[in-house]
Amino acid sequence: MTNQDARSIDFTPRPGAAPRSRRVVAHARTEARLLVRNGEQLLLALVIPVGILLAGRLLNGRFGLHEETIAPSVMALAIFSTCFTSLAIGTGFERRYGVLERLAGTPLGRSGLLAGKALAIIIVAVAQLVILAAVAGVLGWRPHPDAAQWLVAVIGVPLAMLTFANLALAMAGRLRAEATLGLANLIYLIGVTAGGIMWPVSAYPPALRWLVRALPTGALGEVGRAWSAGGTTWWALPVLVAWAAASGLLARKVFRWMS
Amino acid sequence: MTTPEPALQIDAVSKAFGPVRALSALTLRARAGEITAVLGPNGAGKTTLIRCCTGLLAADSGTIRIFGSPPGSAEAAARLGVMPQSAGAWSGIRADELLRYLSSLYSNPQPVDGLIDLLGISDFRRTPYRRLSGGQQQSVNLAAALIGRPDLVFLDEPTAGLDPHVRRHTWEIVRRLRDAGLAIVLTTHAMDEAEQLADYVWLVDQGSVVAHGTVPDLTREASLEEVFLTTTTSRVRP
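Protein chains in written order, with the working numbering: chain A, 10 to 268; chain B, -13 to 224.
Mixed in with the good hints, there may be bad ones.
Unchecked claim - Per the computed footprint, the stretches of chain A lying under chain B, defined by three or more beta-carbons under 8 angstroms from a beta-carbon of chain B, are:
1. 43 to 57
2. 102 to 109
3. 112 to 126
As the list claims (entries may be wrong) - Not close to chain A: a few residues of chain B, all C-beta gaps over 10 angstroms, as computed:
4. Glu(-9)
5. Ala2
6. Thr113
7. Arg153
8. Ala208
Derived from the structure by calculation, the hints contain no laboratory data. Owing to the predicted nature of the structure, the values given are computational and were not obtained by experimental measurement. Where is the CB? At the ideal position from N, CA and C, for every residue including glycine.
I would like the entire structure built from these sequences, with the hints used as guidance.
Put into structure tokens, the structure is as follows:
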């Protein structure tokens, strides 16, 4: 550094916030880039789902993973991992590292921070769905959705994303980062195996089916599988509306910006 | 001549966390073109005060105004720069990435490359934040506080962990900020730093102001460190 450089900066105040849309997009771009760069998150977001798609093709119906339902199940898994697990772990460590504390004092503000986070996970989730659909298509997946189920999916999938994001923020906004890391991964495993994400509700014992249907994971999984196979799951919408509303209230109540 | 409105106006602010009173009817001012030092022992309430000023914490009572606006408002946030004591960055973000991102939040930001040169960040600009030394993180945090061309900056122990070269350079920058017309609120445990830099000093103990004045006023009969030791409470028992 030279004295010349040091003198070239003019510190005369010229404060002002950038337009809100630019702030939110800048934040979303930064979060999405960091998420994609993180090896563990990439494992959750793409490597595991693609691996399951390939395994489903090779296993061909064994373990209850049928070729026609595995693609929508894996897409539900990808949405769950991005909107819940990755968001919870990422936000937990942002609290720990003081990122939220720093950003709350900038023109981004709290609402901009949440909007930027939402946009980031939408960008990542859409990219995941496009890549997974392309891989599944190459492996022979041919969905044949009913018109009515398009409507259910268009409303239901964003509600499921919102629910997962609310639950992730509630957990990350209250627990220690390490506790969030452990619990988010545990819930991910439970959701995948017992929560109706990977296996259709019909594969569960009859006494438990109502419970799996009442979970956001189960509702999302069934919406995707019915969209792929040609059926309609109107019942999933009130389930997801209730979860989105309740989880939103919970996140609002328990979220703390500082650890 | 009328006295201009203070950049920061804090009146009888109290904040408690359960039974612990962090701030107790604290009142202080900081003016544009001045370096205002807030000194106090660990746990005196300095960081809580900064968090109340950024809107991160809500005061239980009293008022805070930043150029007349309440903390957390869009007007206040745009005019404020904060150098936090703790890290304040994603672990994987590179130093220049963080600064470019923060600059995009403001309408008239400082040139990122110029600030990187000024603060000696060039050599580690591509290094992930978690791999930076404490002093390097401090330099990035100072750049982050200045990137939006604020007119009020909070510097929470800005030279902790810096070597004497960087420390002196940081002092020079803080003086330049004052000369450019910014209001600077500086917290530090280094009494020599406060003596060197501060135009006005507020001594805070157990959440309240126990003494205040210019450095010459406060040090008329004893050094600033002695004034600090006699007016504030020790956290350690002899």
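Out of the numbered hints, which ones does the structure contradict?
Nothing - there is no hint that the structure violates, so all of them hold.
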